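Using the sequences plus the hints, can you model the full thing?
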Amino acid sequence: MKDLGDKVDQGEIDKANEAKEKLKKALEGDNLDEIKAASEELTQIVQALSVKLYEQAAQEAQNAGGAAGGEPQGAKGKDNVVDADFEVVDDKK
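Per the working numbering, the sequence shown starts with residue 1, numbered consecutively.
Treat the hints as calculated values from the structure; they're not laboratory data.
All values derive from a computational prediction rather than experimental measurement.
From the three backbone atoms N, C-alpha and C, an ideal C-beta is built for every residue, glycine too.
This list has only true hints and no planted wrong ones.
Below 16 Å or equal to it, Euclidean Cα-Cα: the simulated EDC-like pairs (lysine to aspartate or glutamate) are: (1) K24 <-> E34; (2) K24 <-> E40; (3) K36 <-> E21; (4) K24 <-> E41; (5) K52 <-> E12.
Now the in silico label distances, taken between C-beta atoms and shown as ranges: (6) V51 <-> E28: 22 to 32 Å; (7) E55 <-> N31: 31 to 41 Å; (8) L27 <-> Q47: 15 to 25 Å; (9) A48 <-> N80: 41 to 51 Å; (10) Q59 <-> D91: 55 to 65 Å; (11) N17 <-> V51: 15 to 25 Å; (12) S39 <-> A84: 55 to 65 Å; (13) E60 <-> E21: 26 to 36 Å.
Structural data, given as C-alpha coordinates:
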(Lines of atoms letter the chains of each structure in order from A and count residues from 1; the text may use other names and numbers.)
(Lines give C-alpha, C1' and ligand atoms only; values in the text may rest on other atoms or scores of the structure.)
Protein backbone atom coordinates (compact mmCIF):
# COMPACT_ATOMS: atom_id res chain seq x y z
CA MET A 1 0.00 0.00 0.00
CA LYS A 2 2.91 2.32 0.73
CA ASP A 3 4.09 2.02 -2.86
CA LEU A 4 0.76 3.20 -4.26
CA GLY A 5 1.38 6.77 -3.12
CA ASP A 6 -0.68 9.24 -5.11
CA LYS A 7 -1.21 6.86 -8.02
CA VAL A 8 -4.64 5.70 -6.83
CA ASP A 9 -7.60 7.22 -5.03
CA GLN A 10 -7.48 7.37 -1.26
CA GLY A 11 -10.90 5.67 -1.32
CA GLU A 12 -9.38 2.66 -3.06
CA ILE A 13 -6.55 2.49 -0.54
CA ASP A 14 -9.08 2.68 2.29
CA LYS A 15 -11.10 -0.12 0.70
CA ALA A 16 -8.00 -2.31 0.47
CA ASN A 17 -7.06 -1.54 4.07
CA GLU A 18 -10.58 -2.44 5.22
CA ALA A 19 -10.37 -5.75 3.37
CA LYS A 20 -6.96 -6.40 4.94
CA GLU A 21 -8.33 -5.75 8.44
CA LYS A 22 -11.33 -7.96 7.68
CA LEU A 23 -8.96 -10.77 6.70
CA LYS A 24 -6.86 -10.27 9.84
CA LYS A 25 -9.99 -10.51 11.98
CA ALA A 26 -11.15 -13.62 10.09
CA LEU A 27 -7.75 -15.25 10.65
CA GLU A 28 -8.18 -14.80 14.40
CA GLY A 29 -11.22 -17.07 14.25
CA ASP A 30 -11.57 -20.59 12.96
CA ASN A 31 -14.32 -20.13 10.35
CA LEU A 32 -12.68 -21.34 7.15
CA ASP A 33 -15.44 -19.97 4.90
CA GLU A 34 -15.07 -16.50 6.42
CA ILE A 35 -11.29 -16.63 5.96
CA LYS A 36 -11.64 -17.72 2.32
CA ALA A 37 -14.21 -15.01 1.58
CA ALA A 38 -12.09 -12.27 3.18
CA SER A 39 -8.99 -13.52 1.36
CA GLU A 40 -10.76 -13.56 -2.01
CA GLU A 41 -12.10 -10.05 -1.42
CA LEU A 42 -8.64 -8.70 -0.64
CA THR A 43 -7.14 -10.55 -3.61
CA GLN A 44 -9.69 -9.04 -6.00
CA ILE A 45 -9.04 -5.53 -4.69
CA VAL A 46 -5.27 -5.93 -4.97
CA GLN A 47 -5.58 -7.33 -8.50
CA ALA A 48 -7.78 -4.41 -9.54
CA LEU A 49 -5.23 -1.96 -8.14
CA SER A 50 -2.41 -3.79 -9.92
CA VAL A 51 -4.23 -3.57 -13.24
CA LYS A 52 -4.86 0.14 -12.71
CA LEU A 53 -1.18 0.76 -11.90
CA TYR A 54 -0.07 -1.26 -14.93
CA GLU A 55 -2.39 0.75 -17.20
CA GLN A 56 -1.09 4.02 -15.75
CA ALA A 57 2.51 2.94 -16.29
CA ALA A 58 1.75 1.93 -19.87
CA GLN A 59 0.04 5.26 -20.50
CA GLU A 60 3.00 7.17 -19.05
CA ALA A 61 5.42 5.16 -21.21
CA GLN A 62 3.32 5.86 -24.29
CA ASN A 63 3.20 9.57 -23.47
CA ALA A 64 6.97 9.65 -22.95
CA GLY A 65 7.51 7.91 -26.30
CA GLY A 66 5.17 10.35 -28.04
CA ALA A 67 7.14 13.30 -26.72
CA ALA A 68 10.24 12.00 -28.49
CA GLY A 69 8.59 12.11 -31.89
CA GLY A 70 7.33 8.57 -31.69
CA GLU A 71 10.81 7.09 -31.30
CA PRO A 72 11.63 4.84 -28.38
CA GLN A 73 13.63 6.54 -25.68
CA GLY A 74 17.32 6.38 -26.32
CA ALA A 75 16.89 5.93 -30.09
CA LYS A 76 17.86 9.50 -31.00
CA GLY A 77 21.26 10.04 -32.56
CA LYS A 78 21.62 6.49 -33.83
CA ASP A 79 20.70 7.16 -37.45
CA ASN A 80 24.28 6.43 -38.66
CA VAL A 81 23.98 2.69 -38.16
CA VAL A 82 25.30 0.62 -41.08
CA ASP A 83 24.32 -2.99 -41.60
CA ALA A 84 27.18 -4.73 -43.39
CA ASP A 85 28.42 -8.21 -44.21
CA PHE A 86 32.00 -9.13 -43.49
CA GLU A 87 34.32 -11.94 -44.34
CA VAL A 88 37.16 -13.15 -42.14
CA VAL A 89 40.37 -13.44 -44.19
CA ASP A 90 43.23 -15.51 -42.83
CA ASP A 91 46.44 -13.74 -43.96
CA LYS A 92 48.74 -16.33 -42.40
CA LYS A 93 48.81 -18.66 -45.44
